[in-house]
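Enquirer: Sequence:
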Amino acid sequence: MKYDIGKANRLGNRDSNQDRFAIIERPQSILLVLADGMGGHEGGLLAANSFVVKFTEIFRAAAATLADPAHFLRETFMLAHHAVVEAGGRQDPPLNPRTTGVACVVQDGQVWWAHVGDSRFYLLRGGRVLSRTRDHSHVEDLLQQGKISEKRMKSHPQRNQISRCIGGNASKTPEPTVSEPVRLALNDVVLLCSDGLWGGMDDDVIAVSLADTKSMAPLVEYLAEQAELASYPKCDNISVAALRWLGSASKRAASASVPTQAVSKGKPEVDAAIDEIDQALQRAEADIKRIR
2 MKYDIGKANR
12 LGNRDSNQDR
22 FAIIERPQSI
32 LLVLADGMGG
42 HEGGLLAANS
52 FVVKFTEIFR
62 AAAATLADPA
72 HFLRETFMLA
82 HHAVVEAGGR
92 QDPPLNPRTT
102 GVACVVQDGQ
112 VWWAHVGDSR
122 FYLLRGGRVL
132 SRTRDHSHVE
142 DLLQQGKISE
152 KRMKSHPQRN
162 QISRCIGGNA
172 SKTPEPTVSE
182 PVRLALNDVV
192 LLCSDGLWGG
202 MDDDVIAVSL
212 ADTKSMAPLV
222 EYLAEQAELA
232 SYPKCDNISV
242 AALRWLGSAS
252 KRAASASVPT
262 QAVSKGKPEV
272 DAAIDEIDQA
282 LQRAEADIKR
292 IR
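Residue numbers for the sequence shown follow the numbering used here, so the first one is 2 and each next one is one higher.
To be clear, the hints were calculated from the coordinates, so they are not data collected in a lab.
No incorrect hints appear here.
Ranges between beta-carbon positions, derived for each pair:
#: 1; residue 1: P95; residue 2: S150; range: 40 to 46 Å
#: 2; residue 1: N14; residue 2: V206; range: 17 to 23 Å
#: 3; residue 1: A212; residue 2: R184; range: 16 to 22 Å
Note that beta-carbon positions come from the ideal geometry of N, C-alpha and C, so glycine has one too.
Please work from the sequences and hints to get the whole structure.
Expert: Dropping the structure here:
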């Protein structure tokens, strides 16, 4: 596989960063996963981190070529949900952390994606949005019913009302929306982002901004910067993980990136739990390197 990756993470006008993402590359498949901890609930950062860590652990342990990527996404969302709930239960006092989440798998020249909440997946082609996830939110329902415009979504007073999320109540396992596979064309872009990006930019602007075939890294960083400026002084955390598809002819060496970290301010016990998760992931990566 041949592809180019870009990623960005910005604090925005917030005291802490509750976004996390990871891009895990393997010879036959690639995972992109992103979570946006729900700041209105205690433990949003813990939830986002737990979600991304569980996804990466399961992906690394899976077969080199996934037999059924859609099934993998659906089942891993369920397992990640329980991981978030359990992480909250281990706190003293216990928390009910919540997060939105989105993930995609690129394999055999195709892409599959799934999401819960309003973290989004975009498939961009030729400077246009070929497909995007539909948020599990009140304003998305209003948009689909034709009651508001997409522009109005961004400023609607109920914009932050999410109808589905990861974590929270252990008895209410969220059902992710999972796509059918789509065959990638040359220079297609797959993009995962938190609402800090799409809340500050129209979809058409996002698509046009990444239509240039230059290196993805500076394009994505510039896009995140512009979204931050557009939303000032009320900009949320912004996270973006993107991949430009360059074909299947040549192979790229596999590597892995751990969840993106940012300075956070939260309860000491929550921060300690997050540090413990991060350390466990680093130890797992070291074990994988020794095995290889």
